[in-house]
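Student: Residue numbers (the working numbering), protein chains in the order written: chain F, 1 to 354; chain D, 1001 to 1330; chain P, 2001 to 2287.
It should be emphasised that the hints constitute simulated quantities derived from the structure, not laboratory data. Yeah, the Cβ is synthetic: ideal placement off N, Cα and C, and Gly gets one too. A few of these clues could be false.
[Stated by the list, open to error] Using 16 Å as the maximum straight-line C-alpha spacing, the simulated EDC-like pairs for lysine to aspartate or glutamate come out as follows: (1) Lys2128(P) <-> Glu1112(D); (2) Lys83(F) <-> Asp104(F); (3) Lys2128(P) <-> Asp1068(D); (4) Lys275(F) <-> Asp97(F); (5) Lys2169(P) <-> Asp2194(P); (6) Lys286(F) <-> Glu346(F).
[Claimed, not checked] Cβ pair distances, simulated, as ranges: (7) Glu1198(D) <-> Arg2256(P): 31 to 41 Å; (8) Asn163(F) <-> Pro1165(D): 48 to 58 Å; (9) Lys2169(P) <-> Arg1316(D): 47 to 57 Å; (10) Lys60(F) <-> Gly1037(D): 46 to 56 Å; (11) Ser2053(P) <-> Leu1097(D): 54 to 64 Å; (12) Ala1130(D) <-> Ser2045(P): 48 to 58 Å; (13) Ala1038(D) <-> Pro2087(P): 37 to 47 Å; (14) Ser2105(P) <-> Leu1166(D): 41 to 51 Å; (15) Leu1129(D) <-> Gln237(F): 30 to 40 Å; (16) Ser2204(P) <-> Ala1046(D): 45 to 55 Å; (17) Asn163(F) <-> Leu1097(D): 30 to 40 Å; (18) Ser1058(D) <-> Asn251(F): 17 to 27 Å; (19) Glu1198(D) <-> Ser2053(P): 43 to 53 Å.
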Amino acid sequence: MPNLGTSIRIVTALAAAAALAAAGAGAASATPAKQLTTLNGAGSSLIAPALAVWGPAYTKAAGVEVNYSSVGSGAGIAAITAKTVDFGASDAPLTPDQASACGDCVQIPWALSATVPTYNIPGLHSGQLKLDGPTLAKIFLGRITNWDDPAVKKLNAGVRLPNLKITTVHRSDGSGDTYAFTDYLSHVSSQWASQVGTATSVSWPGGVGGAKNPGVAAVIASTPGAIGYISVAYVIQNHLDWARMKNSAGNFVLASAPDIEAAAQSVKTVPAGNKMSIVDPPKNAKFKNAWPLSTFTYVIVHTVTPQAQALRKFIFWALTPKAQRLINNSFLVFAPIPTVVLSAAERTLNKVHA
Amino acid sequence: MASIDTTSESARRPFEGRRVHLGDVVLQGVAGAAAAGATALVLLIAWKVVDGARPSISKFGISFVWHDVWNPVVGREAYGAASFLFGTAITSFVALLLAAPLAIGIALFLTELAPRVLRGPVTSLVETLAAIPSVVVGLWGILVLGPALRSHVEPWLHSALGWIPLFGPPSSAGASIFTAIVVLTIMILPIVSSISRELFLGVPAELKEGALALGTTRWEMVRGVVFPYARGGIAAALILGLGRAMGEAIAVTQVIGGGTTISWNLFNQGDTLASKIAAEYQGATSNLDVASLIYLGLILLVLSLGANIAAQWIVRGVARRHGVTRGGRA
Amino acid sequence: MKGAGEPSITIEPIMRVETRRQPLPPRERLETIFHVEGLDAIYGSKTALKGVSMEIYKNLVTAIIGPSGCGKSTYVRCFNRMNDLIPSFRMNGSIRYHGQDISGSNIDPVAVRRNIGMVFQRPNPFPKSIYDNVAWGCRVLGMKDDLDVRVERALTQAALWDEVKDRLKASGLSLSGGQQQRLCIARAIAVEPDVVLMDEPASSLDPIATQAIEQLMHGLKSEYTFVIVTHNMQQAARVADMTAFFSISRGEEGERYGELIEYDATEKIFTAPSDKRTEDYVTGRFG
Ligand SMILES: Nc1ncnc2c1ncn2[C@@H]1O[C@H](COP(=O)(O)OP(=O)(O)O)[C@@H](O)[C@H]1O
Ligand SMILES: [Mg+2]
């Protein structure tokens, strides 16, 4: 009978061997020797509808297959960190710890979308409810608790708001939407900034959590008086009601692609890590219709990767106006990336090599 | 020839010389390796969990267990398990409390009382319940069950039993600790009832006949003979159910509504150790976040192991009290 | 109950069968407790017993003997409606108990069993203490007064008291096989039945335990009526006043069914049977 120490070492060795084998298998599947190159990606569910369009189009254009699993931004970051995929996708920029864990990873903004406040108020259709940042923050801080609150009424002259308790709904899992939403609230409410802050997952002052977009949508749908936030594409595809938001120009806007594109015009320079916040863009005549809850979504790749050439080509292609137009329609609502961001993205992309 | 000599030698003294039976050796080797492997695996997992939680352990120490805070925002990170521990305890215990009489009742009905034509179909129906993936149960929980409980059951419980803190004002959304409890009840029901059913079936027919022959009714027989005989096994089954309830993550994540405050009102939102880990592990944003989630996992591991050891201890204790280890199907 | 195969019976010459029986009282002094008439016992489509008619007398020991599978167990389990537990079972004919037919579906088997107790082939004590094994039935049936006295009396009557009086709290399962069977007898008589049915009560016991049980039946005869199934003919000869011999017969289509062949005073059955089949059986010519 071998002693325990030996057994543990043996089992550890076995486990390690198994892990290596699995990793090897993963790498093998990521680098097939067939004539048709395959790129594997995973992550954000927000970008998944875009990739569903891009994938077939790119296969047609370049003969390269693109597989994408919509596992969520966090899982996408984990997957690219572990190199089980060729690219990850995330709606929130990498945190410092995530960046260091990922090693030589770079994040490249490759699509532009938005999160929208979604509500369930009996009698109020989509776009009929108007809100501004400070009011939204107060609602989520639990300081406005009823829909007939004077602050809400003041924004909605002419609309009959019911005497109905407000239930706030948020994502219970870490999410890029939560990042954009809390980023916005931090911009418009100093109390939010100091008490809660910005992250993919925060310590909520109250409210109900739902798992992923469908979970949040389900809670809102079954709860009169509920308000939450969901990616715009999901909201449109599922015919949910969403609010007009007052931007810093003083206009109430509705998160159409031009509104989102306008928000992105606020970007003057791109910082080294490509981490950009375009929520609550300042007042400016050029983008007076800017949607204040817009967000870039990122593709994450390793700088040194065996698939460098194929990846570079694919991402370049995705950034072209033609590809960006493919995902900018009444269903998908991804706005085209502004030029300054585009050139930063291409600069970053050029660093990727085999 | 030497070989002939040996043959005649062993033929004369047929019982001498221990022969090595290849089958026995192989069996012994395989079984031994499997046992050692299983033990090593448990230790390895435990060690991995402790190792992964280390940054959080060294930062928060044991007070992590009773601190009620969870803030993953970079720059103001603070983590503690109290509200999740509370959520795990209250959901799994209340679910067990609801499931136990139901499951035992179903098992009893199926083994002793139901007309024979009903037994087969009802048994497979209950067992099918166990086969429903938890994510589907969770979806049903948030789409159908939660809203129904919120609109019909919670207000009624509140008006009838509102003086008990557990039945506070109804939740506004269908997601609540109460919904999680009902979902967990449904999930552990088939486990407990099918183990109980097996236990009841394992009660020797002679014992039941012995009781009935005294002129007792079926129910008296069940109470006097079937229950005592199966008691230890049922206790163990209940603890297994408790373990399942404590460990269930996906379905709970979907229906419990998330929340980091400790509230005695079952109609409020909450979180359990498992549901918190399931919800946030993939999206954890910092090393301390990851370590703290693993720390939650460590606490859950300790609880589950404790429950398992308790189950084994109960089974042994009952076997001892009966004087004989009999019918040890548990 | 079946399947173990009937042990081959090596019966000693009839003359040497010792008998502790007192002579039977005259027939007219005997009180009928069961009046069985035209009883058929059927499992699904299989007839186990056909056309059994006989009377069983109060305060006697009546033995049921016969080859394996002739329906002895089936027969005694008719008296306390134990066969009701088998869904496919039904019976025709009548069993009158003190004049009342207890075979119909309008009869509550639970009430029947309160009057007619049973001891089984394999000792089946409950997983409870020795005391509770005896006391449980009394408690459930509402005989809660003087429980200690009842338990002691039942254990004494079952000739077990001296052996267990110091360890009443010990598990019933900790006893030896013979003690367990006596505990089951104590359990059955503690609830004061009128009749005690015994289905091969000694078949799994050693000779000493068997003797103890036979002796206690003798002692209790004045209080109870015993019906005992046995395939041990010496045992029947030793304990029974009346003996019924059952055998397997063949029907027109070759189907096998159990049948009562002969029923008489034990003395007569073993010394001067009137049926050839009985004689073959009791002399061991039939296995
Ligand atoms: N539960 C049952 N279902 C069907 N047939 C049975 C059942 N019990 C007994 N039998 C049949 O009835 C016949 C008599 O059996 P039994 O009364 O046990 O005989 P004995 O006790 O004399 O050995 C046998 O042929 C047996 O196969
Ligand atoms: Mg029998």
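Student: If a hint holds in the structure, say so; if it does not, say that too.
Tutor: Do the hints match the structure? See the list:
1. For the hint linking Lys2128(P) to Glu1112(D), the alpha-carbon distance of about 21 Å lies beyond 16 Å, and the restraint is violated.
2. In summary, the hint linking Lys83(F) to Asp104(F) is supported, as the alpha carbons are separated by about 11 Å, within the 16 Å threshold.
3. Straight-line distance between C-alpha atoms of Lys2128(P) and Asp1068(D) comes to about 48 Å, which puts the hinted pair past the 16 Å bound.
4. A threshold of 16 Å between alpha carbons decides the hint, and for Lys275(F) with Asp97(F) the separation of about 15 Å falls inside it, so the pair holds.
5. Of the supplied pair hints, the one linking Lys2169(P) and Asp2194(P) is violated, its CA atoms being roughly 28 Å apart against a limit of 16 Å.
6. Restraint check for Lys286(F) and Glu346(F): the C-alpha separation of about 25 Å exceeds 16 Å, so the hint is violated.
7. At about 37 Å, the beta-carbon gap between Glu1198(D) and Arg2256(P) stays in the expected band of 31 to 41 Å.
8. Taking 48 to 58 Å as the suggested C-beta distance range, the pair Asn163(F) and Pro1165(D) does not conform, at roughly 28 Å.
9. Against the hinted window of 47 to 57 Å, the Cβ-Cβ separation of Lys2169(P) and Arg1316(D) comes to about 20 Å, which falls outside the hint.
10. At about 50 Å, the beta-carbon gap between Lys60(F) and Gly1037(D) stays in the expected band of 46 to 56 Å.
11. The given range of 54 to 64 Å is respected by Ser2053(P) and Leu1097(D), whose C-beta atoms sit roughly 58 Å from each other.
12. Take Ala1130(D) and Ser2045(P): their Cβ atoms lie about 38 Å apart, and the range 48 to 58 Å is violated.
13. At about 44 Å, the beta-carbon gap between Ala1038(D) and Pro2087(P) stays in the expected band of 37 to 47 Å.
14. Distance hint for Ser2105(P) and Leu1166(D): a CB-CB separation of about 50 Å, consistent with the stated range 41 to 51 Å.
15. Between Leu1129(D) and Gln237(F) the beta carbons are some 33 Å apart, a value that agrees with the proposed interval 30 to 40 Å.
16. A beta carbon spacing of about 50 Å between Ser2204(P) and Ala1046(D) agrees with the range 45 to 55 Å that was offered as a hint.
17. For the hinted restraint 30 to 40 Å between Asn163(F) and Leu1097(D), the CB-CB distance of approximately 38 Å keeps it satisfied.
18. With their beta carbons about 52 Å apart, Ser1058(D) and Asn251(F) fall outside the hinted range of 17 to 27 Å.
19. For the pair Glu1198(D) and Ser2053(P), the supplied restraint of 43 to 53 Å holds, since their beta-carbon distance comes to about 45 Å.
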